[in-house]
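Listed below, chain by chain, are the residues.
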Amino acid sequence: MKNIKLKVARVAKDLSQDDLAKIVGVSRQTIGLIEQGKYNPSLNLCVAICKALSKTLDDLFWEEDEEE
Amino acid sequence: MKWLSKRQKIADERMINMQNKIYKEIYTIVMILCLISIVTKYYLYGIDAKIVTTELIILFVSGIYYTVRAASIGIFSDEVELHDRNSKVPMSSKNVYIGLGLGVIIGLFFGIRSAIVYGSGLLNSIFYFVIVFFATLMIYLPLFLVLFAGGFSVAKKASIKATEKDLDE
Numbered sequence: 001m002k003n004i005k006l007k008v009a010r011v012a013k014d015l016s017q018d019d020l021a022k023i024v025g026v027s028r029q030t031i032g033l034i035e036q037g038k039y040n041p042s043l044n045l046c047v048a049i050c051k052a053l054s055k056t057l058d059d060l061f062w063e064e065d066e067e068e
Numbered sequence: 069m070k071w072l073s074k075r076q077k078i079a080d081e082r083m084i085n086m087q088n089k090i091y092k093e094i095y096t097i098v099m100i101l102c103l104i105s106i107v108t109k110y111y112l113y114g115i116d117a118k119i120v121t122t123e124l125i126i127l128f129v130s131g132i133y134y135t136v137r138a139a140s141i142g143i144f145s146d147e148v149e150l151h152d153r154n155s156k157v158p159m160s161s162k163n164v165y166i167g168l169g170l171g172v173i174i175g176l177f178f179g180i181r182s183a184i185v186y187g188s189g190l191l192n193s194i195f196y197f198v199i200v201f202f203a204t205l206m207i208y209l210p211l212f213l214v215l216f217a218g219g220f221s222v223a224k225k226a227s228i229k230a231t232e233k234d235l236d237e
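Quick mapping for you: the protein sequence lines, in order, are chains D and E. Its first residue numbered 1, the first sequence is counted upward by one per residue in the numbering used here. Its first residue numbered 69, the second sequence is counted upward by one per residue in the numbering used here.
For the record, the hints were derived by calculation from the structure and aren't laboratory data. Hints are supplied without guarantee of correctness; some may be wrong.
Claimed, not checked - One side only, chain D facing chain E, incomplete, derived with CB under 8 Å:
#1 LYS2
#2 LYS5
#3 LYS22
#4 SER27
#5 GLN29
#6 THR30
#7 GLY32
#8 LEU33
#9 GLN36
To be verified - In silico DSSO-like pairs for lysine-lysine, Cα to Cα no more than 27 Å straight-line:
#10 D:LYS22 - E:LYS156
#11 D:LYS7 - E:LYS229
#12 E:LYS92 - D:LYS38
#13 E:LYS89 - D:LYS22
#14 E:LYS109 - D:LYS22
#15 E:LYS162 - D:LYS22
#16 E:LYS224 - D:LYS22
#17 E:LYS229 - D:LYS38
#18 D:LYS5 - E:LYS162
#19 E:LYS162 - E:LYS118
#20 E:LYS229 - D:LYS22
#21 D:LYS51 - D:LYS38
#22 D:LYS38 - E:LYS156
Unchecked claim - A short list of chain E residues far from chain D (calculated; beta carbon distances all over 12 Å):
#23 LEU101
#24 VAL107
#25 TYR110
#26 LEU112
#27 ILE132
#28 VAL157
#29 ILE173
#30 GLY218
#31 SER227
#32 ILE228
In this text, a Cβ means the ideal position worked out from N, Cα and C, and glycines have one as well.
Work out the full structure, taking the sequences as your base and the hints as a guide.
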């Protein structure tokens, strides 16, 4: 499932995928794949991304169940 | 009917990570054993490429397999990106330098060997050295450049293509 929240938060901070990748120390493709929901980041990487975007884990990575 | 739907099994990440770490260590051990085997065989039976064919195949095939796999799933270009971000010398230049360096080393080796084995007198030895050195350089320099710089460039292009395909979908 695509991570729209991450993309929105990144764009709101006026950062490109490359900028965010440089801040957290991963490749641009890794950020791209996380946004597309094709790669599950480790908790450490999630936290680094959240800190870089001044967001919480809930803000970016929590998905409400559809049934709820 | 939620209970009918297949529940996705959660794998134990810690276990998988640890297993991968062990596999990585095994790979290093195998490579070291191959090198030890080559050195021992050369020491016991003399230098002959035939007696270390198996070891060379293991060393080369695993190296080539890694490069091909890394390029096909797109992490090769990621590795280059991270390397170039942290290093002053880009990986592409490093590969050219390695190719050039190996070419010169082999040229020097054959040049000096010819000078010692076939040369008689100082001038004659220098003549042999210069001739063999440049001849070897002409053969091996392009070969190593194609192998290192060319191989690198092809793998990087394939990797970028694979990543773009991944990101486009």
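Hint check results:
1. LYS2: 11 Å, violated
2. LYS5: 18 Å, violated
3. LYS22: 7 Å, holds
4. SER27: 4 Å, holds
5. GLN29: 5 Å, holds
6. THR30: D:THR30 check passes; min Cβ-Cβ to chain E is 7 Å, inside 8 Å.
7. GLY32: 5 Å, holds
8. LEU33: 7 Å, holds
9. GLN36: 7 Å, holds
10. D:LYS22 - E:LYS156: 16 Å, holds
11. D:LYS7 - E:LYS229: 23 Å, holds
12. E:LYS92 - D:LYS38: This hinted pair holds, its Cα atoms lying about 24 Å apart.
13. E:LYS89 - D:LYS22: 26 Å, holds
14. E:LYS109 - D:LYS22: Roughly 47 Å separates the two Cα atoms, so the pair is violated.
15. E:LYS162 - D:LYS22: Holds: E:LYS162 and D:LYS22 sit about 22 Å apart, inside 27 Å.
16. E:LYS224 - D:LYS22: 20 Å, holds
17. E:LYS229 - D:LYS38: 17 Å, holds
18. D:LYS5 - E:LYS162: This hinted pair is violated, its Cα atoms lying about 40 Å apart.
19. E:LYS162 - E:LYS118: Not OK: E:LYS162 and E:LYS118 at ~31 Å, beyond 27 Å, violated.
20. E:LYS229 - D:LYS22: Within the cut-off at roughly 21 Å; holds.
21. D:LYS51 - D:LYS38: OK: D:LYS51 and D:LYS38 at ~22 Å, within 27 Å.
22. D:LYS38 - E:LYS156: Measuring from Cα to Cα gives roughly 32 Å; hence the hint is violated.
23. LEU101: 32 Å, holds
24. VAL107: 37 Å, holds
25. TYR110: 41 Å, holds
26. LEU112: 46 Å, holds
27. ILE132: 23 Å, holds
28. VAL157: Non-interface label on E:VAL157 holds, nearest chain D Cβ at 19 Å vs cutoff 12 Å.
29. ILE173: 33 Å, holds
30. GLY218: 23 Å, holds
31. SER227: 9 Å, violated
32. ILE228: Label violated. Min Cβ-Cβ 9 Å, cutoff 12 Å.
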